[in-house]
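Q: Construct the entire structure; sequences and hints are all you get.
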Amino acid sequence: LLRQWRLEYPDVSITVHELPDYELSNAIYRRTLDVAFFAAYGVYPDLATALLVRERIFAALPQDHRLAIQETVGWRDLRDQAILVQDWEDSHATREFYASLIGIGLPLRSHPASKQSVLALVAAGFGLTLVLESQAQVAVPGVVYREILEGNANIDIVLAWSPEAEDATVGCFVSFMRDHARSSGAGG
Numbered sequence: 001l002l003r004q005w006r007l008e009y010p011d012v013s014i015t016v017h018e019l020p021d022y023e024l025s026n027a028i029y030r031r032t033l034d035v036a037f038f039a040a041y042g043v044y045p046d047l048a049t050a051l052l053v054r055e056r057i058f059a060a061l062p063q064d065h066r067l068a069i070q071e072t073v074g075w076r077d078l079r080d081q082a083i084l085v086q087d088w089e090d091s092h093a094t095r096e097f098y099a100s101l102i103g104i105g106l107p108l109r110s111h112p113a114s115k116q117s118v119l120a121l122v123a124a125g126f127g128l129t130l131v132l133e134s135q136a137q138v139a140v141p142g143v144v145y146r147e148i149l150e151g152n153a154n155i156d157i158v159l160a161w162s163p164e165a166e167d168a169t170v171g172c173f174v175s176f177m178r179d180h181a182r183s184s185g186a187g188g
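Using this note's numbering, you'd call the opening residue of the sequence shown number 1 and step up by one each time.
Source of the hints: derived by calculation from the structure; they are not laboratory data.
Note that this is a predicted model, so its numbers are computed, not measured.
For every residue, glycine included, the Cβ atom is placed at its ideal position computed from N, Cα and C.
Wrong hints could be hidden among the right ones.
Stated by the list, open to error - Here are the simulated lysine to any residue pairs, SDA-like style, with alpha carbons at most 20 Å apart: (1) K115 x F173; (2) K115 x A36; (3) K115 x E96; (4) K115 x E147; (5) K115 x Y41; (6) K115 x S134; (7) K115 x E133.
Stated by the list, open to error - What follows is a set of in silico ranges between Cβ atoms, one per label pair, in the way DEER data are often shown: (8) L2 x Y29: 21 to 29 Å; (9) H180 x N154: 15 to 23 Å; (10) R66 x A120: 15 to 23 Å.
A: What follows is the structure, encoded as structure tokens:
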């Protein structure tokens, strides 16, 4: 969707911020950020949202991991594994989401770092992590991706914004994203 936006509106710049979910939502409330992409496992009652895409979840494994020989994996396969989580202080939504899928009492290891940094730790053999299907398209040396073959192995990605947003460019962006997601069949 961002590529389509860039092709249609090449003169509009976009600045990306990678922040914990609560900081993203607070920045929208304070109007220091116009829009944000969220995994829909959080609740943001004062924000307007639109479903953009539902993505499958994959396990990112060290290439020499015992599960790497399998075509697919299940939640049960991951229950005794060290799972690296891109997680921020005071924001454990991702940890809670993983536990809701795999089970409580997991050996989750938090890292307040980018997904690329977490994948570097996976490549070095420190554990595995979960990634979106689109993230699994990025080759990382020493990492293999295996689809998680479970009915609930997906995440909805939403666009969030302030319902009071008055900026015309923001309105155009929201409409564009929502309309293109719907036309592709992903946005409901």
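Q: Provide an ascending list of the numbers of those earlier hints which the structure does not satisfy.
A: 1
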